[in-house]
Structures are given as structure tokens and as C-alpha cells.
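S.K.: The chain contents come next:
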Amino acid sequence: MSPTLEKALTAPHKLEYTYKRSLGPVLSPFFTALRDRRILGVKRRDGRVMVPPKEYDPDTSESLDELVEVSDEGVVTSWSWVATPRRQQPLDRPFAYALVKLDGADTAFLHVVDAGDEGNMETGMRVKARWADETTGMITDFVFVPA
Amino acid sequence: MRDVAVVGFTQSPSMRSEPDRNEVEILIPVIDALRKQTGLTSADMDFICSGSSDYLAGSSFAFVSGLDAVGAWPPVCESHVEMDGAWALYEAWVKIQMGYADTALVYGFGKPSMGDLPITMALQLDPYSVMPLWPDTLSIAGLQARHCLEKGILTFEQMAAAAARDRGHAKGNPNAQVKGDFTVEGILAEPFLANPLRKSDCAPISDGASAIVLAAGDRARELSKRPAWIRGIEHICEPMDLGVRDLGRSRSTEMAAAKAGVGKGKIDVAELSAPFTHQEILVERALGLGPDTKVNPSGGALAGNPLMAVGLSRIGECATRIWSGEADRAVAHATSGPCLQQNLVCVLEGE
Chain A
1 MSPTLEKALT APHKLEYTYK RSLGPVLSPF FTALRDRRIL GVKRRDGRVM VPPKEYDPDT
61 SESLDELVEV SDEGVVTSWS WVATPRRQQP LDRPFAYALV KLDGADTAFL HVVDAGDEGN
121 METGMRVKAR WADETTGMIT DFVFVPA
Chain B
148 MRDVAVVGFT QSPSMRSEPD RNEVEILIPV IDALRKQTGL TSADMDFICS GSSDYLAGSS
208 FAFVSGLDAV GAWPPVCESH VEMDGAWALY EAWVKIQMGY ADTALVYGFG KPSMGDLPIT
268 MALQLDPYSV MPLWPDTLSI AGLQARHCLE KGILTFEQMA AAAARDRGHA KGNPNAQVKG
328 DFTVEGILAE PFLANPLRKS DCAPISDGAS AIVLAAGDRA RELSKRPAWI RGIEHICEPM
388 DLGVRDLGRS RSTEMAAAKA GVGKGKIDVA ELSAPFTHQE ILVERALGLG PDTKVNPSGG
448 ALAGNPLMAV GLSRIGECAT RIWSGEADRA VAHATSGPCL QQNLVCVLEG E
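Those protein sequences? They're chains A and B, same order as listed. Note that the first sequence covers residues 1 to 147 in the working numbering. Note that the second sequence covers residues 148 to 498 in the working numbering.
Just so you know, the hints here were simulated from the structure itself, not pulled from any lab data. Hints are supplied without guarantee of correctness; some may be wrong.
Claimed, not checked - No farther apart than 35 Å at their CA atoms in a straight line, the calculated lysine-lysine pairs in the DSBU-like style are these:
hint, chain 1, residue 1, chain 2, residue 2
1, A, K43, B, K298
2, A, K128, B, K242
3, B, K326, B, K372
Only a predicted model underlies this, so the values are computations on that prediction, with no experimental measurement involved.
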């Protein structure tokens, strides 16, 4: 008699990380603020504001923790055009990736501009955040649109 | 410092897709040819180091299978970096400098055709603030290219000229993937692939592998009539965020070049692995290369771009030209990360 398979042992298998990771003292408030539709930067010792914020100064390696709010509007400093978005990308229609310097920030921020047409994109143009109806504290809580 | 030289180099052809061979099968003939070239077996290697990316294979510890091409019995002293093989060579060079080895086998391999490479590369970006937006390689490089173009740092014509030069040189390279008589006018007439980049501005996607043997001092002289001595090697990393970097120059290449001593003498040959034309121009400037340097005689990364091996191959292409006497002094470059984030510079000299 061959053994039946009815009695075979089974166990659920879910592929996941079974732990939670804290984002730390700087990124955690940054993402929490996104949930509240606010954007935070971090102030360097020389007063310049970096967005997104980092725990350390990229030049001097000093610890940074002074968070300041910046505007959700700013200026495009460079851009590239995605004519055929891939399925993973945030929009299902042509859009731009752009470096955006927000008002109150000294560094540019890599994000998405939902500009409709390539012809609407220009370095120096002003953009503002368009927030999702439900924000979750993720970088995808908003995209930029022409201001 | 110990004298360390490149005494062996082999590579596979760069192929857009290797549908019938897995990574180990691509690597086996490369390692086999290296054994024939140097007369050494794995047992003769004091240290073995490889560079590859599990993200390309899509499974963790995929790099371990690479050892099947080398043979892990009897036990070998071995290491791996999740980087281009050029960084594996750096680790091997350090090992030899420390006195733990006199010979080392270094190899790099990659088969990006298994996935959608431009999007796979998004996984190397900041996992919280950038990666969830999935910016692909062309989009990221395009941000830098536009910055350089609009700030007057370089022109579309210069970018096209870099592609035409490299692919012209590649006509003499049987391992190159993209080669031929390209012209600046012809390239500028191409439509944008991802504005502001045209297809010819981008390195191809290539499957492939390469391998190098390093040896110290007299061991190198036994193995080679004219060893390619590593006279300087350095790698420097910049911050990951594009917004805090000067995208119009490659500071880390400048710093690595200074530490490796590139400017101490005439450079006959330079081999660069910048995967976009504007990046190649930035690297060329950062290295301070003049008109008496032949840049990318093999075609460089723009002619064949086997990810995780392309930087190691640049060191090998320089070494072969030193062995032959075509060059007395050469510089090889490897890069990693978005927009030339991290750069390795290696100066090679003949005696």
C-alpha cells in the first residue's frame, strides 16, 4: 500500500520580513510628516537645509537632527522623460522624473512630475505637491504637478 | 608596498542575451582560458575573489554558484563582493599587500538579460525616499545629462562624439557588442530614447564575464614577460542622494585619480567603464586625460557592458596593452551606483 497524501503535513508559508524596522530619529519624523501632508528637511551646521533629510552631513559626517518644515512647492532643476512607464513606476501615463528644489530647501529632491506632456516640462518651472487622498507616510504619498 | 601585477586576463564576448547558458556556464570557458593562458590551476591561487550581483539572478547567495566554475575542492580561500569585479580585484590586491597571498584569481560575471535591468537597478537606491518611486537607470542618468547640457558643461555633439569614437574603436574588438561606423550627425538624428538621452548615449545591456590573475613580485616576473604592475589603485564613494552632489563633475574620480597618481606621468591608454556618454566625458575630465591618451581602444563600456565584469575588464584591457608593449602606462576606471556615485581608478605600468 502506498501512503496516502491526505495525512501529509502542511504549513502556511508567507514570504515576508517578520520584523519591523524603525526609520530612526530623522527619517521617521520625515515620513510621519508626509502622512500629515508636510515635508521636512534637516538643517546642516552651516544653515543649509537638506531634503530629504539625512542623519549625517554628507560632507562633514556630523550628526544632524534639527528638522525644519519646507514648502511643498518648488523649482525643477533637472528632469528626464518617461514616455512608456514600466508597471512598477508610480504613474501609468507618460511623466517626468525630476530634481525639485523645494522653497526653503538648499538641495534638490528626486521625485515625479505628472506633467501630461513632455512639452510642459522645463528646467526652472515651478511645481507643487499633489497629495494622495489617503496618505500613508510613504514617499509615494504625493507627486508633483506644474504649479 | 608590495609590487603586484596583472599577469592574466580573459573575457567572454559581451552578448545582449545568453539564452542557453547560465552564469556558471558563461564563466567556465573564461576561467578555463585563463588557466591555459597562465598555466595555473585553482590550487595555485592563494586567494580567489569574485564580483557579481544577486539582484540580477533574483535569488540570495546566487554568487556561490560561480565557484562551480573555479572548483572549491580541495578547499580554497575565497571571498565575494556584491560589486563589479574591479572591487574584487581591489580586495585581492589588499590581501596580497597584507602578505596573505602571492597569487590571486579575480572574476566578475553578470547575466542582466534575465530581468528588466533598468528597473532592477532601482533597487540600489535609497530604500525609503527614492526606490519606491522606481526611477530606472535611463531616467536617473538623464537627470545628470540634462544638468550638464543646460549648464553648458558639455554638449549633445560631444556626447555623440564619445559614442562614435568608442564604437569605432570596438570594430577591432571581437568581444564588443555594439560597434561600427557611427557618426555624430547620425547619432544626433536618432530620436530620444528617454529625453535627453538617445539610444547611442547608453551602454548596451550585456551578459558576460571576465577574469584576471594577480601575482606579486618575482612570481609575477615568472608568469609574465612584461607584467602590468599596479602602481596605484583607489576607490572613493560619494553620497547617494543626487541632490547633494555636484552632478556636473565626478569628484570621487578626481580624488581617486589623485590618490592613484594618474597625473604623475603620461597616460598612453585609458579604459573607462562609464555607461552613458555624458558620464564618459565627466570621467575623462576627472582623470585629467589629454590628447596624447588613447581613450577606450577596446570600445569601453559603451561598446560592451557585462554588468559586474565591465570594470574588471577595463583593467584587463589596459594590462593586455602593457604586456604587448603598446602602452607603458595606462589607467583603468570602474564605476558603481547612480550617476557615477562610486569610482575606482587603477594605474598600470610596464617595466
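S.K.: Could you work out which earlier hints the structure fails to respect and list their numbers in ascending sequence?
M.R.: Per hint list: single violation, 2.
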